[in-house]
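Asks: Residue numbers (the numbering used here), protein chains in the order written: chain A, 849 to 972; chain B, 8 to 291.
Do not take every clue at face value.
Stated by the list, open to error - 20 Å max Cα-Cα, derived SDA-like pairs, lysine to any residue:
(1) Lys-150(B) - Val-948(A)
(2) Lys-209(B) - Asp-81(B)
(3) Lys-150(B) - Ala-956(A)
(4) Lys-265(B) - Ser-276(B)
(5) Lys-232(B) - Leu-110(B)
(6) Lys-257(B) - Lys-150(B)
(7) Lys-851(A) - Lys-257(B)
(8) Lys-209(B) - Ser-276(B)
(9) Lys-150(B) - Leu-868(A)
(10) Lys-232(B) - Val-948(A)
(11) Lys-209(B) - Thr-853(A)
(12) Lys-265(B) - Val-277(B)
Just so you know, these hints were derived from the structure itself, not from any lab. Bear in mind that the values here come from a model prediction, so they are computed numbers and not experimental data.
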Amino acid sequence: MIKDTQIQNGLARMMLGGTLIAATIMLAGLIWYLAANPGIKAGDHIFSGEPKYFENPVQMFQRALEVKETGHRRSFLMLGILLLLINPALRVAFAAVGFVAQRDRLYAGISLFVFAVLVFSFFW
Amino acid sequence: MIRESMDELTFDILISVAAFVAGVLGSLIGLGGGVIITPVLVLGFGVDIRYAMGAALASVIATSSGAAAAFLRDGISNMRIGLFLCVATTVGAVCGAMLAVVLDQSVLSVIFGAALLVTVGLSLRKNPDAANSENTSDPLAEKLRLPGTMPTDHGPMNYSVQRVIPGFAMMWVAGVLSGLLGIGSGAFKVVAMDQLMRIPFKVTTATSNFMIGVTAAASVGIYLKRGYLDPALVAPVALGVLAGAFVGAKLLPVAPVKLLRIIFLSLVSVIAVQMVLRGLGINF
Chain A
849 MIKDTQIQNG LARMMLGGTL IAATIMLAGL IWYLAANPGI KAGDHIFSGE
899 PKYFENPVQM FQRALEVKET GHRRSFLMLG ILLLLINPAL RVAFAAVGFV
949 AQRDRLYAGI SLFVFAVLVF SFFW
Chain B
8 MIRESMDELT FDILISVAAF VAGVLGSLIG LGGGVIITPV LVLGFGVDIR
58 YAMGAALASV IATSSGAAAA FLRDGISNMR IGLFLCVATT VGAVCGAMLA
108 VVLDQSVLSV IFGAALLVTV GLSLRKNPDA ANSENTSDPL AEKLRLPGTM
158 PTDHGPMNYS VQRVIPGFAM MWVAGVLSGL LGIGSGAFKV VAMDQLMRIP
208 FKVTTATSNF MIGVTAAASV GIYLKRGYLD PALVAPVALG VLAGAFVGAK
258 LLPVAPVKLL RIIFLSLVSV IAVQMVLRGL GINF
C-alpha cells in the first residue's frame with residue numbers, strides 16, 4: 849500500500865525537478881533568442897497577441913523542432929515556458945495516480961476532475 | 008516613457024532585475040510575485056496589462072512549484088484539502104480568464120488596483136493563533152476526510168476543519184480573481200482556509216502554495232490562446248522572480264521583515280491607487 853508521505857515526496861521531487869528543467873531551457877532559449885535578434889525593439893507596450901501556432905501546444909512543439917520555420921527560436925523559448933506551465937497539471941495527475949493506487953475513489957475522482965479542468969483550459 | 012527607445016536586450020535585463028527584486032520582497036513579505044510584477048511592468052515599463060498579466064501568471068506558477076515542493080516534503084500541507092478546494096479555484100479561474108479576455112484593459116486596471124488594496128488590507132491582519140485541536144469538524148469535512156495532522160514541536164497534532172461550503176465558495180471567488188487578474192490570489196485563499204475553515208495557519212499557507220500553481224494553470228491556457236504570453240517577456244520575468252524567491256527564502260531568517268513589511272505594503276498601496284487612476288484615465 850502506498851502511503852500519503854510517499855505520494856507527497858514524489859510530488860515534491862517532481863515539482864522541484866520540473867521547475868529546474870523548465871528554468872534551464874528558458875534561460876538557454878532566452879539567450880539563444882536574443883542572440884539572433886540583437887537590437888530589436890521590445891514591443892510589449894502595444895498588445896498585438898501572439899502567432900497562431902502558439903495557441904495550440906502541439907503546433908508549437910512542431911514549430912520548435914522545425915529549424916527552418918520562422919519563429920523557431922521563439923517557439924523553442926515558448927517550449928521552456930510551456931514546461932513550466934504544465935507542472936501543476938502533472939502535479940495533479942501524479943496525485944490522481946497515487947490516490948488510485950491507494951484505492952481512494954473519492955480523491956482519485958476529485959484529482960481527475962481538477963486535471964480535466966486543466967486539460968480543458970489548455971485545449972478548449 | 009523611457010522604454011520606447013530601449014532594445015530588447017536592455018529591456019530584458021532591466022525587467023529581470025525588477026522581477027528579481029519583486030521575487031525577493033514577495034517571499035520576504037509573504038505576497039506572491041503576481042500582484043507586484045504586473046503593476047511594475049505596466050506602470051514602470053509601459054507594458055500592456057494583458058502581456059503583464061500573462062508574464063505574472065507564469066511566474067506565479069514557477070514560484071508556487073518551488074515553494075510548494077518544500078512544504079510538501081515537510082508534511083505540513085494537506086493534499087486532500089488542497090485538491091478538494093482546487094475544484095472550486097480551477098473552475099473559478101476558467102470563469103475569470105474568460106471574463107478577462109472580454110473586458111477592456113482600463114476596466115482590468117481598476118479591478119486590479121482594487122484587488123491589490125484588499126490584498127494589502129488582508130496581509131495587515133495579525134496572524135491568528137493556531138486553531139484548537141479538540142474541536143469537532145463540520146460533518147461534511149469528516150465525510151470528505153479533510154481533517155488531518157501536522158507536525159509540531161510536541162509531535163503530531165490533529166486539527167479540525169470547519170464550514171466547508173462557505174470556504175469552498177470563497178475559493179471559487181479567489182479562483183475568479185486569479186483568472187481575471189493573472190495573480191495567484193494567495194491572500195484570498197489564506198482567508199478562506201484560515202478565517203472560514205479554521206485550518207491552522209501553517210497548514211493554510213503551505214496548502215495555499217500548492218493550490219496557487221494549480222489555480223494559475225487553469226487560466227494560463229486561456230491566456231496562451233489569446234496571445235497574452237509573449238515568450239520574450241515571460242522568460243525574463245519568470246526567471247527573475249524564481250531566482251528572487253529563492254534568495255528571499257534564504258534571507259528570511261536574517262532580514263528585518265517587520266520594517267520591510269511596512270515600507271513595502273505602503274508602496275504597494277500607492278501602486279494600487281495608481282493602477283485605479285490609470286484605469287480611470289488619470290495619468291500623471
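Asks: Take the hints in turn and mark each one as holding or not.
Replies: Status of the hints after comparison with the structure:
1. Lys-150(B) - Val-948(A): holds, 18 Å
2. Lys-209(B) - Asp-81(B): Judged against 20 Å, a Cα distance of about 11 Å means the pair holds.
3. Lys-150(B) - Ala-956(A): holds, 15 Å
4. Lys-265(B) - Ser-276(B): holds, 17 Å
5. Lys-232(B) - Leu-110(B): holds, 16 Å
6. Lys-257(B) - Lys-150(B): Not OK: Lys-257(B) and Lys-150(B) at ~40 Å, beyond 20 Å, violated.
7. Lys-851(A) - Lys-257(B): violated, 31 Å
8. Lys-209(B) - Ser-276(B): Judged against 20 Å, a Cα distance of about 26 Å means the pair is violated.
9. Lys-150(B) - Leu-868(A): Violated, at roughly 38 Å.
10. Lys-232(B) - Val-948(A): violated, 32 Å
11. Lys-209(B) - Thr-853(A): holds, 18 Å
12. Lys-265(B) - Val-277(B): The given pair, whose Cα atoms are some 19 Å apart, holds under the 20 Å limit.
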